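Sequence lines, in order, name chains A and B.
The first sequence lines up with residues 1 to 339 when you count with the numbering used here.
The second sequence lines up with residues 1001 to 1429 when you count with the numbering used here.
Hints are not guaranteed to be accurate.
Covered stretches of chain A, as calculated for chain B (at least 3 residues, CB under 8 Å) [said to hold, decoys possible]:
#1 70-81
#2 268-281
#3 309-317
Facing chain B, a subset of chain A residues (Cβ under 10 Å, in silico) [as the list claims (entries may be wrong)]:
#4 Pro43
#5 Phe45
#6 Ala46
#7 Asn51
#8 Gly52
#9 Gly56
#10 Ala89
#11 Ala91
#12 Ala178
#13 Glu179
#14 Gln181
#15 Ser329
These stretches of chain B come out as covered by chain A in the derived footprint (C-beta under 8 Å, 3 or more residues) [what the hints assert, rightly or not]:
#16 1040-1053
#17 1367-1380
#18 1387-1400
Everything labelled a hint here was simulated from the structure, so no lab data went into it.
Predicted model only: the values in this text are computed from it and were never measured.
From the three backbone atoms N, C-alpha and C, an ideal C-beta is built for every residue, glycine too.
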Amino acid sequence: MNKTVFVGVLALAGMSASVAAAGLLDEVKTRGKLNCGVATGVPGFAAPDANGEWQGFDVAVCRAVAAAVLDDPTAVEFVPTTGKTRFTALASGEIDMLARNTTWTFSRDVDLKFDFVGVNYYDGQGFLVRKDLGVSSAKELDGATVCIQTGTTTELNLADFFRINNMEYEPVPIETNAEGQQQYLAGACDSYTTDASGLAATRATFEDAAEHVILPEIISKEPLGPLVRHGDNEWADVVRWTLNALIAAEELGVTSANVTELASAAGNNPEINRMLGTEGTLGEMLGLPADWAVKALSVNGNYGEIFEKNIGETTPIGLARGLNAQWTSGGLLYAPPFR
Amino acid sequence: MADLHFVRKAMIEEQEPPAATAGVAGWVRENLFSSPLNAILSILSLGFVFYVLSALLPWVFSPTWSATSLGECRELTGGGHGKACWGVIRERWLQLMFGFYPKELYWRVVLDFALLIVAVAPVLFTKLPRKMLYFSAVYPFLMPWLLWGGSIWNPIAVAAGFVLGFFAHKYARPAFGGLAAVILAFLLPIIWWFFLAGPLANGLASVLPLALETVESRNFGGFMLSITIGVVAIAISLPIGILLALGRQSDLFIVRSLSVGFIEFIRGVPLITLLFVASTLLNIFMPPGTDFDIILRVIIMVTLFASAYMAEVVRGGLAALPKGQYEAADALGLDFWMAQRLIIMPQALKISIPGIVSTFIGVFKDTTLVSIIGLLDPIGLSNSIRADQAWNGVVWELYGFIALMFFVFCFSMSRYSMFLERKLQTGHR
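Bound-form chain B, shown alone (with noise of 0.2 Å):
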């Protein structure tokens, strides 16, 4: 009897995958070509790419960017709408940026941003150094004198409201009980703000004066002027839409009628209603002579505007929070704005963010209707740069720059949304 066995005496070496399931061929297989069905789908897609793509890049590459006028670029293309017009940009790129914001001072408006990216870093990525958000409390009051300029006595009056009320509340607390000192918070810094920090901030500034060179509202314009209203709107908008979700949940009947009342009368009206009350209807309604700051109005407007919807937004995320944790909290002994900060808020923000991300690249996209009361902001400003008759007929190359700049401040916005949720994922789902 032969002996049949077969015992393998070594391994055999691992053996690539089969060619047609790796590397590219096998991704193009297994992604594009899986059935006729999608195999013809696909060529069909790929076809629309080329189509769209041949239509587009010829007329993006154009060697026009030293152009001065959109004849010289017709020139330079030798005729034909074919072409893009970039001259326009070069020239006119700077001021879809600042607006009509002196160009010695440029560097303010950049260092602004550029201390907005720090101030906010810290909120956003919880690994950098704690201390940092001391640089974020200074920032509200930085970021108005670098842009508008003036006695740096005004921000630090202001700020000194913030501090007065502060201790008004811890000092009181102890003294007087809690009511009290909620009350004594909000209202000493009212009367601080109205009548001592003015003449304050005067009289500092004639015996020290500290000063940036003053510039007016109206020599904003560009993406620096939406970036601002964007900017201010978001980091105010929040924190009133959470006391307005609060407000619209309390058992108190005067707060709760206070909050439905707001929120649905600012969500039932446009944002273009409400700018045309900024720009229009407030001059008529004020005294003649007041001169109210359009964009601080404009301003104001955005903010009431974004915190009715962040209201709401914040409200689907306390609904969704199970009552349990409700009790839990009373359980612990927490008074309201303990259980708030440390139970409630974490969770239900945590559900909010794609909404709350959501509402904020809505607002920012949103600043782009001030152009209608006559803002120069970069929509605004690309109907001025036509109304040069040098570039007098350029449009879409004005609209491309504008919506790739959008694109790319609302993209990063989205893309940080999506880190913050996976990065706060405790795997209740």
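Isolated chain A (complex conformation) (with noise of 0.2 Å):
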């Protein structure tokens, strides 16, 4: 990489620009730092801690990812995005990777030249109602008034979710999260509606949680995962594999706690030996160590550890694992086999 500093006024100017590397994966290498997209705050999956280390459940993603290619979990730029700002910092290449609870759609693959590399968190849209209301379903919310973040495919899928149901509904429209709690506290409206995961969280932060009520409905499909730029496969294939790494990992029952232990030896498991690098040339064919996925999972562990460390039921937002769940178990998670 070339880099020419460019001493302009004020010497406040420090523009480096490179020549394009070989591919992203060396690039990084090179760089010794990945800069990993991620939300400005949003409870559970990042924020910032009061030491101003970021965590949360798309962090680890990121810090899993760096741990692979640079063996250092904390070898990370986070670079705070916002919903306007995310795609553009992507597409840029001012992030080579962004996890930021990102809804995997058509458009946003197709048309704005991403590639979604999976799934790390199936959300979907809810109501949060006060108990009450007297409400046990979305259906019965005929001629409600409903806080609704504007400009976001939340706003869609209400419209869409009264028209087909044939109800009338009045929107509230507010800007942010905090808002909405707000006003919603306030009687501004009879209902709140985002994603599940948030409302779970918001309604963690009432203090008369109790009196509140997320009603079962899920009115649409919001499958949240890290993405990257359209074009370089051998980077995409790395963070695809990592994510595949922490989600296999907890089917096949690697932890943080036995991960060194595993990879120590090649053991019974033909399928562990090979993602763990003692048997088998996988780390090779991603051009990554033989032992990146140890690497990715000694961090925070495999995705059950990082799901209950950051919303898990044992967390304050307490999330259940519903449809995040392994498919051993009823949910929809199923990491491709490694081989």
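Build the complex from these two chains, which are given one at a time in their own frames, with help from the hints.
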């Protein structure tokens, strides 16, 4: 990478033009840092703690990729992106990958020229209502006032849902989640609608959480996953299989506690052996060291451990696994075989 | 005939004014209850103030300083919405101030802004020793070095460009004449910065590595980010604004058209549009892989925006000057720049002080818009802090703290401008 430093007006300038390297994987290795786009703040998924360390479910994916590629889970430059800036940040190359509660849709994949490498959380839009409203199903919300974030897919989903069910509603437009919480608590709307994970996090902050319920209907599909730019398949493979390794490790019973032991020598389960690099050459095919998955798993453990630590039932957010359980337990997580 | 003359022999002691017109009672009577209508209005206002305070004060004085989460706050206050949760400020105030700047390097930021005061003081208060102005001249190069770190040779190489321009002007003027000197004074530094400064700084750094630990722009955040953007934009926009205002009044067609075009274009688009250009469009225009510092991009945009407004404020000052002042300058045989420097600008700027300071305050507050493009200024950070489940749901405390900090900065700027106006009051009115 050629680095030319233009020392510009007032010495503030730091503009480095890098000649496009062979591939993003090599570029990241040379740079020694992974630029990972995250949200500016979504409870449980990405947030800086008091020390400025980023924490969360999406952040854990970034760290796993950094560990697999660079052998250092802290070699990540977290770039906070908003819903408006995320796609240009990725398209322009400011970030190498985006892990920011982004719904996998046709137009994003095809028209915006991104590759979604998988799904790390199956979400869906739900409704939060007061118990004393006496509503037990979203289909009873005819005539309700609904707080809704403007300019999001949730707004369109809401309109579709009410139209399909032949119901009327009055939208109360809001800009941010914080505003939505305040409006809902102040009684400006009967119901607050957004992704169910967000509703759970919101409900958990209420003083009288027991007085509020999330209705059982989920009115949209929101598969959230990390994405990369079109056109660099080697890099997409690295991110995809790191995510798959996290998911497969849970299915195969590889945890942060036993991964070192399992990786020390080839065991009885050939798939674990192949994944952890004690057998076969999967790492080499990816352009990574043989123990890439071991490093990714040593950071925060497998998918289940990451889930429990950040958004699971033991955390204040308290999400059940639901759709995000392994396929063996009735969920949708189904990592392709490591072979 | 009785002698009825009376002559007072002794002075009467000076007496207290009637109790009702002096002291507290007098003040109250004169200012609050001078007529029945005023009395009614006063009582209503007092009632309103009491009503607001009785709701606000119990909320403010809440024993939650030590809490570590919103839930703990609620336990400490026994529930209810009527109490603030100050634990979030205790835990996060450093983050709101410094963003993600490394903790062990906070001193650099503090030192930087302390030096800012030292550098600005001789400019603001003319009574201070004039020699301090030398430090003010060095400060613009010192400030980015302290904030961003890196080799000390970079700022020195940049400063050398200015010195080069100065000497080019000084020595070329007698030799080649005024116009050539001005062109040289612009051209030489630009050539220097683009082609020579970088390699020279790198070379010197390899010989004598004097460097501070580099801090990435991405680690900037909180008030430090707001102040950095605000101060740089304010400091650079004033000179650019003056040049634009002069350009707009110039008789040279191209200069005038360019100035008018720039000013009207920038004033015709909202700042947020420029910020989106900085954060997204520029990324697409530039060759892939180019990493042009986002904070620098934002600073440039905010500076351009402020300059256009500043130009119009200064133009107002220029327009307010009687034509006689221009003619007097011409009659004295001053050339354009001397006339501007000695006669026009001191008067025009004095007239424009309130407008200039309003623009400054506006720019400083506008820096909060950067939260929309994902930079973590105080407003952006308040969102990130709420994303920590421990503080999810805390709203007013964070906004209150941010508002208070902004108020302190803006109010002191406004007070200073009033001081300056009084000091420069020469009694024309």
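Need the list of violated hint numbers for this structure, in ascending order.
Of the numbered hints given earlier, those the structure breaks are 2, 15 and 16, listed in rising order.
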